[in-house]
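The listed protein sequences derive, respectively, from chains R and B.
Residue 53 in the numbering used here is what sits at position 53 of the first sequence, and the numbering runs on without skipping anything.
Residue 206 in the numbering used here is what sits at position 206 of the second sequence, and the numbering runs on without skipping anything.
Note that these hints are calculated values from the structure, not bench results.
Every residue gets a Cβ at the ideal spot worked out from N, C-alpha and C, and that includes glycine.
Be aware that one or more of the hints could be misleading.
[Unchecked claim] What follows is a set of in silico ranges between Cβ atoms, one per label pair, in the way DEER data are often shown:
id, chain 1, residue 1, chain 2, residue 2, range
1, R, E85, B, F304, 36 to 46 Å
2, B, I316, R, G64, 54 to 64 Å
3, R, E85, B, V85, 47 to 57 Å
4, B, L229, R, E85, 20 to 30 Å
5, B, G99, R, E85, 32 to 42 Å
6, R, H93, B, P233, 24 to 34 Å
7, B, P90, R, G64, 42 to 52 Å
8, R, H93, B, E186, 26 to 36 Å
9, B, H249, R, G64, 45 to 55 Å
[What the hints assert, rightly or not] A few chain B residues facing chain R, derived, Cβ under 8 Å:
id, residue
10, L229
11, T262
12, F264
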Amino acid sequence: MRPKVILLSLLLSTPLSLPAQANAGQTPPPARKAGAQAPHTGTPDRGQVVFNTNCSRCHNAPEGFSSRISGTIAKHMRVRANLSEKDYQALMHFLNP
Amino acid sequence: MKTSFPGRHAQHLRLAAFSLLVCVFGSVMPHARAQDTPLISGGVGFLTNTNRGSTSYTMTIAPVAEVPLGQRVLIESRANVLEAVFPTNPGYNTAHFAGISNLAADVQVNSHVTLVGGLFYTPFNTVSERLSPIWINNFQDFPIIAGIGVVGSGNSLGGQVRGNAFSNDNVSVDYTAYFSAKTSNEQFSARRTSGERVTFFFPKSGVEVGESVNFILEGVHSHNVGAHLWWSPTNSWFRFKSEYAHAAHAQGYWMEGAWRLTAFGGPDTALGRLEPVARWQQVFRNQADPTDGLPGQDQNRADFGLDYHLQHEVRINTSYARVFTAGRNGNIWETGLIYRFLFPAWKGKK
């Protein structure tokens, strides 16, 4: 009976989870090396400035982190560093180009 | 095999529960964008402290969890687990502690207002909220005046409103106001207080100035006042931090400078990983008060340290401090090996 239970559960959950997984699979950003230069410009990206300036206000920037948590880190900095909306958006763009 | 009714009932319950779990983890979490995976961070440290000839050892781990729920809510939590070995006469004894120091929900209302509810670090001056983690503080010991304004556990239990009031390319103004209820719960200890903090940050120069006020609303009512001045010049690894605090029966200040020697070949060279740090602090007592956690008499203290930043977020902290107190000067030697970790809570989908 257990395989039926599992199969039925998967059938029930599939319609809900498929769109979400499709969304999650879009544009996986590369792991970000903290403090790395923005690749598309010779001058520092505004988001990079926001990251470097505000991150180092409290602590050293991490050596690097997975791109999967870049949004979570930006949200953390929005609260702890009291970032403005403009700086938060620039930071999100920098961490997820 | 024939299944009895209670057996079928249990089977249906299992089916419902399992379906619910699959639905929740299969749909709700992946709706968060890939980069919004919850994270686990924190630090692990092995610390030694030799105070006037007595050496104690501390092993500690402070895990942090950050869980975003949608685009506007962030759950933050930090725990502290600590095991200390300290000298007694004769021999050694041990003590351990495990507790939660932060468990709060941050809800972004709009671009200027974020509501925080739960157990949070008291936003008075800078130490409690910004410098208390072992992987951040340059010295093992907090400044002497760190207890002012964050009486008790250093945590508040209640609500906080914070955000960025104004920002342009030249200045960023942020604010915090909070209220804390009194609780003596072992895990969520806090006192009835309220307070505010306003900070001005000038990004071009890297200067930050701020003021804090809080009110003790239980027992003998009093208030504390604080101010801080930080300077993190752009394109430099030099950092300056200072703070002043005034309580009912004492006041004091500290100032700290740190300069990582990246001028010698960059941050990844043997010398560039070295960071000399120095701190000077004074506390002035005008009346005895055993409740504020400060020394019973005037005290000066000078700290000199060398921090070494190894690869992979490992840091070695060493420091020497000379404490000047009337009739009882002393030396404090400290070392620490600290590892900071940061990774997604789960693998997630690419």
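Verification of the supplied hints:
Hint check: E85/R to F304/B, Cβ distance near 42 Å, so the stated range 36 to 46 Å holds. Hint check: I316/B to G64/R, Cβ distance near 21 Å, so the stated range 54 to 64 Å is violated. Evaluation of the 47 to 57 Å hint for E85/R and V85/B yields a pass: the beta carbon distance comes to about 49 Å. For L229/B paired with E85/R, a C-beta distance near 27 Å keeps the hint of 20 to 30 Å intact.
Checked against the hint of 32 to 42 Å, the pair G99/B and E85/R passes, with Cβ atoms roughly 35 Å apart. Separated by about 26 Å at the C-beta atoms, H93/R and P233/B satisfy the suggested range of 24 to 34 Å. For P90/B paired with G64/R, a C-beta distance near 49 Å keeps the hint of 42 to 52 Å intact. Hint check: H93/R to E186/B, Cβ distance near 44 Å, so the stated range 26 to 36 Å is violated.
Between H249/B and G64/R the CB atoms are about 47 Å apart, so this pair conforms to the stated range of 45 to 55 Å. The interface hint given for L229/B is violated, since its Cβ lies 13 Å from the closest Cβ of chain R, which is over the 8 Å cut-off. This hint is violated: T262/B has a C-beta 12 Å from the nearest C-beta of chain R, more than the 8 Å allowed. The closest approach between the C-beta of F264/B and any C-beta of chain R is roughly 18 Å, which is over the 8 Å cut-off, so the hint fails.
In this structure, the hints that do not hold are numbers 2, 8, 10, 11 and 12, in rising order.
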